[in-house]
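Asker: Build the full structure now, drawing on both the sequences and the hints.
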Amino acid sequence: MMRITLIAVGLLLAVLLPLAIPWLNFVFIMAVAQGFAALGVVLLLRAGMISIGHAVFLASGAYVTAFLLRQTGITDLGLILLVATLGSGLFGFLIGMFMVRYRAIFFAMLNMAVSMVVFALLAKLYHLTGGTDGVRVATPTVLGAVLDRTVFDSLLLYISLALLVAVGWLVHRYLSSPLGKALEAVHTNEVRLEYLGVSAWGVLLYAYTISAALAGLGGALAAIAVGHVVPELAYWTHSGQLVLIAVLGGIGGVVGPFIGALFFEIVRVVAAGYAAYTWNMIVGLALLGVIFFLPNGLYGLVQRLLKRGGGS
Amino acid sequence: MLDLLALLIVDGLADAALIFFVAVGLTLVFSVLRILNVAHGSFYSIGAYVAVSIGMWVVSAGWHPYLTFPALFLSAALVAVALGPFIERYFLRWTYGKSEALQILVTFALFLVFEDLQKLVFGVQAHYEDTPLQLLGVSDIGGIFYLNYQFLLIAMAAVTVILLRLLIRRTMIGKFIVAVVADREIAQTMGINTTRVFVIAFTVGVFLAALGGALASPTSGVAPGLGAEALVLAFAVAAIGGLGQIEGAALAAVIVGLSRAAAIHFAPDFEAVVPYLVMLVVLLIRPYGLFGTVQARRI
Amino acid sequence: MKDIVRTALGGLLLACAATTVSADDRPSELRIGVFTFLSGPAAAYGMPGRNAAELLIEQINEAGGIDGVPIVPTYVDEAQGTDGVITEFRRLASDRDVMIAALSSANCLALAPVADQLRVPTLMWNCDTHQMFLEDEYEYVYRTNSSTIPEFVSYALYLLETKPDLERVAIINPDYAFGHDAAEIFKETLQTFRPEVEIVAELYPRLGASSYHTEISRLVSARPDVVFSNLWGADLENFVRQAQPRGLFQRSTVVLALGETILQRLGEDLPEGTVVGVLGDGWWQSPTARENPDTQAFVEAYHERYDEYPVFPSFKMANSIMAMKESFERALENSGGTWPSREEFVEAVAGLEMENFTGTLRIREDNDGLVDQIVGVATPADDRPYPVIGEMVRYPADLVTPPVDEDPIAWIRSLDQDFLDQLPKPGSYQ
Chain L
635 MMRITLIAVG LLLAVLLPLA IPWLNFVFIM AVAQGFAALG VVLLLRAGMI
685 SIGHAVFLAS GAYVTAFLLR QTGITDLGLI LLVATLGSGL FGFLIGMFMV
735 RYRAIFFAML NMAVSMVVFA LLAKLYHLTG GTDGVRVATP TVLGAVLDRT
785 VFDSLLLYIS LALLVAVGWL VHRYLSSPLG KALEAVHTNE VRLEYLGVSA
835 WGVLLYAYTI SAALAGLGGA LAAIAVGHVV PELAYWTHSG QLVLIAVLGG
885 IGGVVGPFIG ALFFEIVRVV AAGYAAYTWN MIVGLALLGV IFFLPNGLYG
935 LVQRLLKRGG GS
Chain R
515 MLDLLALLIV DGLADAALIF FVAVGLTLVF SVLRILNVAH GSFYSIGAYV
565 AVSIGMWVVS AGWHPYLTFP ALFLSAALVA VALGPFIERY FLRWTYGKSE
615 ALQILVTFAL FLVFEDLQKL VFGVQAHYED TPLQLLGVSD IGGIFYLNYQ
665 FLLIAMAAVT VILLRLLIRR TMIGKFIVAV VADREIAQTM GINTTRVFVI
715 AFTVGVFLAA LGGALASPTS GVAPGLGAEA LVLAFAVAAI GGLGQIEGAA
765 LAAVIVGLSR AAAIHFAPDF EAVVPYLVML VVLLIRPYGL FGTVQARRI
Chain E
15 MKDIVRTALG GLLLACAATT VSADDRPSEL RIGVFTFLSG PAAAYGMPGR
65 NAAELLIEQI NEAGGIDGVP IVPTYVDEAQ GTDGVITEFR RLASDRDVMI
115 AALSSANCLA LAPVADQLRV PTLMWNCDTH QMFLEDEYEY VYRTNSSTIP
165 EFVSYALYLL ETKPDLERVA IINPDYAFGH DAAEIFKETL QTFRPEVEIV
215 AELYPRLGAS SYHTEISRLV SARPDVVFSN LWGADLENFV RQAQPRGLFQ
265 RSTVVLALGE TILQRLGEDL PEGTVVGVLG DGWWQSPTAR ENPDTQAFVE
315 AYHERYDEYP VFPSFKMANS IMAMKESFER ALENSGGTWP SREEFVEAVA
365 GLEMENFTGT LRIREDNDGL VDQIVGVATP ADDRPYPVIG EMVRYPADLV
415 TPPVDEDPIA WIRSLDQDFL DQLPKPGSYQ
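So the protein lines, in turn, are chains L, R and E. Start counting the first sequence at 635; every next residue gets the next number (this note's numbering). Start counting the second sequence at 515; every next residue gets the next number (this note's numbering). Start counting the third sequence at 15; every next residue gets the next number (this note's numbering).
Among the hints, erroneous ones may be present.
What the hints assert, rightly or not - Here are some chain L residues the structure puts well away from chain R; computed CB gaps all over 12 Å: (1) Ile-638; (2) Ala-654; (3) Asp-710; (4) Arg-807.
What the hints assert, rightly or not - Straight-line distance between alpha carbons at most 25 Å, and here's what the computed DSS-like set of lysine-lysine pairs gives: (5) E:Lys-201 with E:Lys-439; (6) E:Lys-439 with E:Lys-177; (7) E:Lys-201 with E:Lys-177; (8) L:Lys-758 with E:Lys-201; (9) R:Lys-612 with L:Lys-815.
Because the hints were derived from the structure by calculation, they are not lab data. Glycine included, every Cβ here is placed at the ideal spot set by N, Cα and C.
Answerer: The following block contains the structure:
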């Protein structure tokens, strides 16, 4: 119950704060977008697999969005989000068929290799992708209506938050299902899992596909919010950032990555705004601080506070 | 055609020597500590910065210019002694036995901090000290000048492979390292001070990274972004060779170097992706890298 | 349903709009955002820009600011990536009056629609891409410098004059839009006038590659008459330092489009006879710059503070700050002394024509800047330990920039001998 109240308060703040401080609107959308991608990373982390290449699916969602708006007549926001998510899921399924044979550091490196090859292709195929200058993403229509951009931005935040709740709940259901539980079993003891007659390959491929779809959804939201997509979205540092967000937030639940994403965005905004010359260092120190003092991530901290609050 | 082949081989090997020094420290640290050290890129660029600074100092103090060669090694040793034990003790030791993601993130955080520290100390412009390169001059191969320093690097890389092999196979500390790599817990019960082995192995890893930067600095200089650049390349080469395999890293460096040379001569569009394409192909065929071995799965 | 959504959201928007302040009263300070690279490899280009902004703003403030209002800059690091840059832009837009943004073309293309949406006057200080104003029209976005077309057409024109019999050309540019665009423009211009020109090697090393030895072997073995490059920053410095001892400069004429930025740093290591110049007209020792006492004062103050002389990115930045100041003063004149609104300000930027440190700037009807182009040859200097630019030509902006709304590549292909005859000759700018 406490958790639901907390989520409700969080959502309410996310809706109300941007009314007073307009630029937060964008920060919150980006946090949700990054959060979806980080949630994808979390699914794999639960199975003990680190992907330093997951940004490639975020990029695929973003580029599908840009492509739909530019090359086809499709401008409806809902349809675009759906196609981008499914498209990235399909892409993830195809890549995943090869990936899930690998474990540990080799899984990480192979993901990185794929993402770097895609990054290079996005930059090279100038006539399809606009090269490194990227592609403009026009403002989609909502239920057929062409909205003023500022109105649209507010609406996009509300839609993002609604998606956060709906998709978050679905992922939560998935994680509590046998298939989701099997993920943790892959981490703790894969061989035993196979003795039980469960195919680790299947379990992981399922998770990989879902995690790619989540990243694709995040990519579509980010592309629409930013209004521009660039190949850097697929660069390995961006993937590293997603892992960072996932661990910062904590991999214990669905809410963690979103808290991590919000924290990361805020640290970056504050660091970049008040220490333009040393923001890398500040992000690094903040990261060390969280890792050393909050072993279960920020979500762990929230849970601990909740317990204390509930006990008294 | 034969000319072109000779060109390819010389270019490829010269490139491979540079690539090898980028990757060897990373792979050594991984083999012992089982940590993918992102801060490796920082040690590489710090090594280069220190080497340039000391080299300039040697030249401006009016010492014999050939002293700039030992200065390269001295710089790497300084960086290793100053940073190796400190970082192992206060940042890495805490993460042993924790998840890989956490270990990568700790070293990533260190990388970010070092990135800005270097900028604060050395500024944003490139730095150079190319006395060693000037002293050695050039050779003409098939009508094309090559720097003799490039050949020196190839020789240095070969010597490094041999020395590391000797260190690991013939010395006591090497045997300790092998024991710890094989089984940490048993090594400990046998009375091996694993803590010390870790410190030493990590410091040697930092030394190799810094040496890589120092040796590259006379020809490539050092500027912001060098660390990040070196890091991805090191990842790719180490993975191709099989993480933790010194000889594997050497062979991987040669393959990547030759492939890159071939790309530049025949298909320049692919040059930038060569390391990743090689990595994809190798890992798809040999999932644990060229020299990698399959690890037993726990039951 | 649609209407309900729209009305409801419209009401929400009105509520937000009510809280933003109108700017009729004279502010106590003029707050601006300055976007450039402060870290990473691109800082080699970004920091000279930042330094120029810092110094020039100080000088303006010491002289009383803009009609008594001091300028207060906030610097933003573009190295944090496009979404970070947009976050900062949106955040600063709430209480900054003008943005000087940005260095990277990708960032500029992403920022422009946001600037229009938030109605923030934005002066683009670098972003060379000629795509900027090609398809889209903006109300609040202006570029106070030139684009890739005049910048690289000029190098080809210079070569056509100085090496009329060139045939074999090699290109080594960085592997991103700037490098590929420049290569295309350079090739098209050469081949329009000399169809027999053959491209014998075209290399695109990735940005930030530190070793160019294999590329250099390829370039030397291709035996080109001319090697063209728009590498920059540490990449360019590395390339020259590695290529020079290996004989590339002895065998071919090398063209370094951003060569001016490394003259002071390379000193004698940059071989005499290398074709170098600036993008735009921002060379601190050009005849125009020498004649202008303000420029000399700025240059000396810059040297005093940063221990090096300004390079052309510094002047691209200075152009933008000066254009901002000039526009405010014109807007104040138009309004009879009332502090201009954002709309009155951009109205003054449109059609701006002004003198700056190194020449003139004109903003034309597509919001793009017209700036002359300087090209020359590295020549030993009597009074300095590094080469200067000799045999200079200053191509007038009107001649080397395609007309508004004309496809730039089609324009290049339409050039003819009459066009060449109108151009000033190498060595004519003294």
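Asker: Now look at each hint and say whether the structure bears it out.
Answerer: Consistency of the hints with the structure:
Against the 12 Å criterion, Ile-638 (chain L) stays outside the reach of chain R, whose nearest CB is about 29 Å from its own CB. With a cut of 12 Å on Cβ distances, Ala-654 (chain L) stays outside the contact zone with chain R, its closest approach being about 32 Å. Once the 12 Å rule is applied to beta carbons, Asp-710 (chain L) is consistent with being away from chain R; the minimum gap is 36 Å. Interface exclusion of Arg-807 (chain L) from chain R stands, the closest Cβ pair being 25 Å apart, more than 12 Å.
A C-alpha spacing of about 21 Å is found between Lys-201 (chain E) and Lys-439 (chain E), which places the hinted pair at or below 25 Å, so the restraint holds. Under the criterion of a C-alpha separation no larger than 25 Å, the hint pairing Lys-439 (chain E) with Lys-177 (chain E) is consistent with the structure, at around 13 Å. For the hint linking Lys-201 (chain E) to Lys-177 (chain E), the alpha-carbon distance of about 15 Å falls within 25 Å, and the restraint holds. With a CA separation close to 19 Å, the supplied pair Lys-758 (chain L) and Lys-201 (chain E) stays within the 25 Å bound.
The hinted pair formed by Lys-612 (chain R) and Lys-815 (chain L) meets the criterion: a straight-line CA distance of about 21 Å does not exceed 25 Å.
Of the numbered hints stated above, none is contradicted by the structure.
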